[in-house]
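> Protein chains in written order, with our numbering: chain F, 259 to 606; chain L, 259 to 606; chain Z, 259 to 606; chain C, 259 to 606.
These are calculated hints, taken from the structure and not from any lab test.
Watch out, some of these pointers could steer you wrong.
Said to hold, decoys possible - Estimated spans, in silico, between C-beta atoms of each pair: (1) C:P541 / L:D532: 51 to 57 Å; (2) C:A292 / Z:E560: 18 to 24 Å; (3) F:F386 / L:A373: 30 to 36 Å; (4) F:P271 / L:P587: 32 to 38 Å; (5) Z:A278 / C:A570: 34 to 40 Å; (6) Z:S443 / F:E480: 55 to 61 Å; (7) Z:P541 / F:E480: 52 to 58 Å; (8) Z:G290 / C:E553: 20 to 26 Å; (9) C:A377 / F:E306: 44 to 50 Å; (10) F:V537 / Z:K421: 32 to 38 Å; (11) C:K423 / F:F386: 29 to 35 Å; (12) Z:E560 / L:K423: 57 to 63 Å.
Stated by the list, open to error - Far from chain C, by Cβ distances over 10 Å, these chain L residues were calculated: (13) E279; (14) E282; (15) K286; (16) R296; (17) E308; (18) D364; (19) N389; (20) P476; (21) T514; (22) V537; (23) L538; (24) G563; (25) I594; (26) K598.
These figures come from a predicted structure and were not determined experimentally.
Even glycine gets a Cβ: it sits at the ideal position worked out from N, Cα and C.
Number of protein chains: 4
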Amino acid sequence: MRFWSDNSATVAPQIMAALAEANEGAVKSYGGDAISERLGEAFSRVFEKEVTVLPVATGTAANALALALLSPSYGAICCHRESDIHLHACGAPEFYTGGAKLVPLDGPHGKLEPAAVAAAIAELPAGFVHNVQPAAISVAQATECGTVYSPDELAALAAVARKHKLGFHLDGARFANAVAGLDCSPAEITWQAGVDVLSFGATKNGAMGAEAVVCFDPALGERLGYLSKRGGHLVSKMRFLAVQLEAYLKDDLWLTNARHANAMAERLAQALADIDGAVLAHPVQANEIFVTLPEAVITQLEAEGAGFYRWAYPVPNTIRLVTSFNTEPEQVDAFIEAVKRRLQTAGS
Amino acid sequence: MRFWSDNSATVAPQIMAALAEANEGAVKSYGGDAISERLGEAFSRVFEKEVTVLPVATGTAANALALALLSPSYGAICCHRESDIHLHACGAPEFYTGGAKLVPLDGPHGKLEPAAVAAAIAELPAGFVHNVQPAAISVAQATECGTVYSPDELAALAAVARKHKLGFHLDGARFANAVAGLDCSPAEITWQAGVDVLSFGATKNGAMGAEAVVCFDPALGERLGYLSKRGGHLVSKMRFLAVQLEAYLKDDLWLTNARHANAMAERLAQALADIDGAVLAHPVQANEIFVTLPEAVITQLEAEGAGFYRWAYPVPNTIRLVTSFNTEPEQVDAFIEAVKRRLQTAGS
Amino acid sequence: MRFWSDNSATVAPQIMAALAEANEGAVKSYGGDAISERLGEAFSRVFEKEVTVLPVATGTAANALALALLSPSYGAICCHRESDIHLHACGAPEFYTGGAKLVPLDGPHGKLEPAAVAAAIAELPAGFVHNVQPAAISVAQATECGTVYSPDELAALAAVARKHKLGFHLDGARFANAVAGLDCSPAEITWQAGVDVLSFGATKNGAMGAEAVVCFDPALGERLGYLSKRGGHLVSKMRFLAVQLEAYLKDDLWLTNARHANAMAERLAQALADIDGAVLAHPVQANEIFVTLPEAVITQLEAEGAGFYRWAYPVPNTIRLVTSFNTEPEQVDAFIEAVKRRLQTAGS
Amino acid sequence: MRFWSDNSATVAPQIMAALAEANEGAVKSYGGDAISERLGEAFSRVFEKEVTVLPVATGTAANALALALLSPSYGAICCHRESDIHLHACGAPEFYTGGAKLVPLDGPHGKLEPAAVAAAIAELPAGFVHNVQPAAISVAQATECGTVYSPDELAALAAVARKHKLGFHLDGARFANAVAGLDCSPAEITWQAGVDVLSFGATKNGAMGAEAVVCFDPALGERLGYLSKRGGHLVSKMRFLAVQLEAYLKDDLWLTNARHANAMAERLAQALADIDGAVLAHPVQANEIFVTLPEAVITQLEAEGAGFYRWAYPVPNTIRLVTSFNTEPEQVDAFIEAVKRRLQTAGS
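For reference, chain F alone in the conformation it holds in the complex (with noise of 0.2 Å):
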């Protein structure tokens, strides 16, 4: 019953395999290998345009580093309330920007809408020197409520981007829960809805400590080398972190460990839903759940030593669920069980 975040979860076997497999001989440093060599082959072949990556150790400094290339330090960077970017990243996009402005906006199940993004730059006039310029759009796909932007809904914000000249960027830790949940190409929810760079997450879905930034436009990516060392986030031993990716997107594993997550978080939901005394906070749509439950169910379940944590949005006395590639039916099952019973218990 452990569910407190996906990257809780162990490596995916193939790719402690890969590692494995990777430890062999001496080879050139900070990417001069050639597992590292041929990762780019590898994401165009995904993402069916040729694209720059980079490989990093962790999704707040593919985040970062992506906003870098889209934002000045004088602009705004339009996010949810919710975002991690904004509310989990000690000031992440700040530091790397050199003090860019986050602009936190409301919307429906941690979605950003194109009137709030549009209504946000409004107040910002393009040119007026007392104020940050509008910079970059940065949604996250899976988003923090575990909801997935469509095709169109990622294009009609790519559309108030583009009328404002902003940069668009997806922040995708959860990037393989949305294609598995939207079931989708990955194009069709990258650069062909306008989207100019992603952070690609792997860690959460089975790698041991590897992401990428994805520039859709090579031109956009020449600063990146440079922001990524002087951030240190090139690595010596840089086959290990480029394995981790090849193996990853080998044989689909990232789309087959997305859909068990899916798949057990949609189990979850469901015997979620119906129960009485349980409410799902948003739609589940892809490997995470928020549920509000009373109090006194909640404190029952954490003293039982159920693993989840308590958020704060959109109301108190919700918990976060979240599953993984290798959730075993059976911890679904006996968390709906202790729910039910607690429940039951308190209700009696």
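Since chain F is already given, all that's left is putting chains L, Z and C on it; use the hints.
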């Protein structure tokens, strides 16, 4: 004959085994797991003092974060002209400190001398707002020239630091090689010699990607977590970073590995010293050898596929050879043979 | 009828005279002259406490430097949603703090309320490395809405600051107008109320370009000189900056000027309050008036050449009128007549 | 006998008069007034080219902003070891560029030589992510040693800049003295010689506090307004900054002033050259004189109240004397007499 760098080497089998063993069960992320939680104790034992430890994935990050603890944005950091933080960090210390100035100084064989530091400080009067303010001394142990500071040499630098209220940082990317080379205790060349913060390297000596910022004064480390997180260096699946360091320290693996690398460097150095036409540029006290050879010989060795980098310092026609924890004597001997053969050809 | 801003006004004759008088003889630059050296005493007398004073040329600089004293790069600064530091500084606080996050909060009539601040702080748990750390509260006195905080209101905010170990900053771009409006002593609404640092404005109230960062705790001010210099704010011919502030304080010119501006605002406010169709958006407690008028009337007044800016807050069709130390009653009356005339026309 | 610096001098009467004259009527702030709006034209006339001009209050700000236009955060800026931007800006260029690295280079009499710059660039390979990337060359005209670059010397540096795609910046804190010294047109030693951005100084030559960033390529200047505002350098009562520059350029006041300062420097230099025991350290080509004297003589001159600063470069016992637009011949002669007298005493 692959002597590019010690980070060209593989991961030590003991560390790979520890990674595999840690890959079991769901645990709290971001350091909330048992392995991460007990890491501080392991380091405190090794250093014979309670220390604050922050694991990160790269040495660049460790150094930049350490310096950010010691220098304000308007600070000056005295370092050697050949130091990695000055030459090969793409400005990471400047980034993390908010724009401090590195003051590169000369010194024989990559080592900073107290007089040179004192002279540099004298040119930056304290309290004079027009110049940056001396804030820290940073030296590498082992140095970028493959030499090591004795405890007394470090203490002499620390005395300058104390006199001017500067912090004292050790870049220990090859700290194990220095300890092995000096046959001293880790404490002797760190806090007992007046060091405030150490970048403790493991990657170059058998880890996959694991370094640690070690603060000998706990108060110094209070800001570290935030600076690391906002730098994008807080990894989510922390157990896999922590366990590398744990395995590295366990049963003195770090020293065993370093002793081997040093022994191979010694073997290489002694053989080169006996060859007419090969001149060692620096004393060989750890696992790096800098040797000057005729240009034609260098070119031929390159053509032959020997792995090394050219170095501009101290003179042209210098190449750097680095041995690692798993360098085989046969590689060393083969390289020596190749040098002899090429010198003979060149001379004939 | 030029009510654009109080910085549209000229320089007070007493200050122009002081500038001319200071223009005599060669003196040491960068504050080594007699006028600069005695400035601290003048401020200490005014504030009834020994204070550290740093003169700068702009209010943006004063605020950004003050906040850099109070917040680390990973800090959060609570401020009002309508605050100048958030809306009209183009990110200067972010720049000077190294990327801190401003947390804009709602509050009636431009005033921050303790409960709102406490709630914001509660969402940023101390010691949790994932979020920025609450570091400072910053309020404007007078506010950007032309209202003022009573000593008790400031003390209540200061209590929140103390409880959470935050710094407390006052943006006093219109500090004189606040003191005049409250008829209190400068000490009462600064250090006696718990304020740590004040941006003391003079430019808007008769100076040519002179503000001062005033630290009530000397220890806080130690870094100020360096931050100012590296920000490019240490002027060489400092006597001309210092003498403006000296003349400003002399014989209570600052209060005389402010009382006039406030009286003109009062005259304007009372007349507007009596006009059907004109609605005052905020209480008028200093020298700014926000009034809501029919769109047609605003357009006509603009066409007629009346000088003011439109304001989006709190509702559209709001305009801002600012009076200054040399606003003439005739201008006020002419404007009132124009409004009446236009309202009549619109209504007929 | 006050030769501390040219910024020890007063404000030129013509500029004081212009300030008084501008002090009339309410105008739009932040550059919306008529004087500010016509300033670009005045500069374009002087430089015989349409230029972008941003007035600021200090030379530190002008230089730091100019360099921020030319260098990314991971850039390297080649400058002279004696340059003000390196030695006496407390890290302002590092701050405004986001942490770029200044590369201090040697060169005779404060002048950078193309070969030294080329050698420095060669050590920072382009495209190699481990080192900062050469981004700009910055030289002072006149230099900090009182010498000037000929148009050809500048063009030779510009050729290096162009070859490596670097920006070329001129620190013109004493630009007027250089133009006067060379008897050339402003265009000849700026854009015609390949300069991209000029820090145009006025403060040291008669203004109260007024400098300008001048961009010879308008595209370069697009970010300038934002960087300036967020640096706290957009003054509200801009007319008083603009009018100083206007009066400074009017009727060639700037050149008249500079010619006088240079003539006084020449008078001082010639007299010193004739004195046994006084050695000029550098050619005197503008308004600064560096002279080496016996330590005892320097001490006695100081005791006597003569105003100058000691300089560590090129040798100890060097003092710097700076003449200004209103230095009187009598002061020069009195100083010469004092030196002679003290030398006689010392020698007797």
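> Hint by hint, note whether the structure agrees.
Status of each hint after checking the structure:
{"no.": "1", "hint": "C:P541 / L:D532: 51 to 57 Å", "in the structure": "holds (55 Å)"}
{"no.": "2", "hint": "C:A292 / Z:E560: 18 to 24 Å", "in the structure": "holds (19 Å)"}
{"no.": "3", "hint": "F:F386 / L:A373: 30 to 36 Å", "in the structure": "violated (55 Å)"}
{"no.": "4", "hint": "F:P271 / L:P587: 32 to 38 Å", "in the structure": "holds (36 Å)"}
{"no.": "5", "hint": "Z:A278 / C:A570: 34 to 40 Å", "in the structure": "holds (38 Å)"}
{"no.": "6", "hint": "Z:S443 / F:E480: 55 to 61 Å", "in the structure": "holds (58 Å)"}
{"no.": "7", "hint": "Z:P541 / F:E480: 52 to 58 Å", "in the structure": "holds (54 Å)"}
{"no.": "8", "hint": "Z:G290 / C:E553: 20 to 26 Å", "in the structure": "holds (24 Å)"}
{"no.": "9", "hint": "C:A377 / F:E306: 44 to 50 Å", "in the structure": "holds (47 Å)"}
{"no.": "10", "hint": "F:V537 / Z:K421: 32 to 38 Å", "in the structure": "holds (35 Å)"}
{"no.": "11", "hint": "C:K423 / F:F386: 29 to 35 Å", "in the structure": "holds (32 Å)"}
{"no.": "12", "hint": "Z:E560 / L:K423: 57 to 63 Å", "in the structure": "holds (60 Å)"}
{"no.": "13", "hint": "E279", "in the structure": "holds (34 Å)"}
{"no.": "14", "hint": "E282", "in the structure": "holds (37 Å)"}
{"no.": "15", "hint": "K286", "in the structure": "holds (35 Å)"}
{"no.": "16", "hint": "R296", "in the structure": "holds (35 Å)"}
{"no.": "17", "hint": "E308", "in the structure": "holds (33 Å)"}
{"no.": "18", "hint": "D364", "in the structure": "holds (13 Å)"}
{"no.": "19", "hint": "N389", "in the structure": "violated (6 Å)"}
{"no.": "20", "hint": "P476", "in the structure": "holds (28 Å)"}
{"no.": "21", "hint": "T514", "in the structure": "holds (30 Å)"}
{"no.": "22", "hint": "V537", "in the structure": "holds (22 Å)"}
{"no.": "23", "hint": "L538", "in the structure": "holds (23 Å)"}
{"no.": "24", "hint": "G563", "in the structure": "holds (22 Å)"}
{"no.": "25", "hint": "I594", "in the structure": "holds (29 Å)"}
{"no.": "26", "hint": "K598", "in the structure": "holds (32 Å)"}
Hints 3, 19, counting from the list given before, are not met by this structure.
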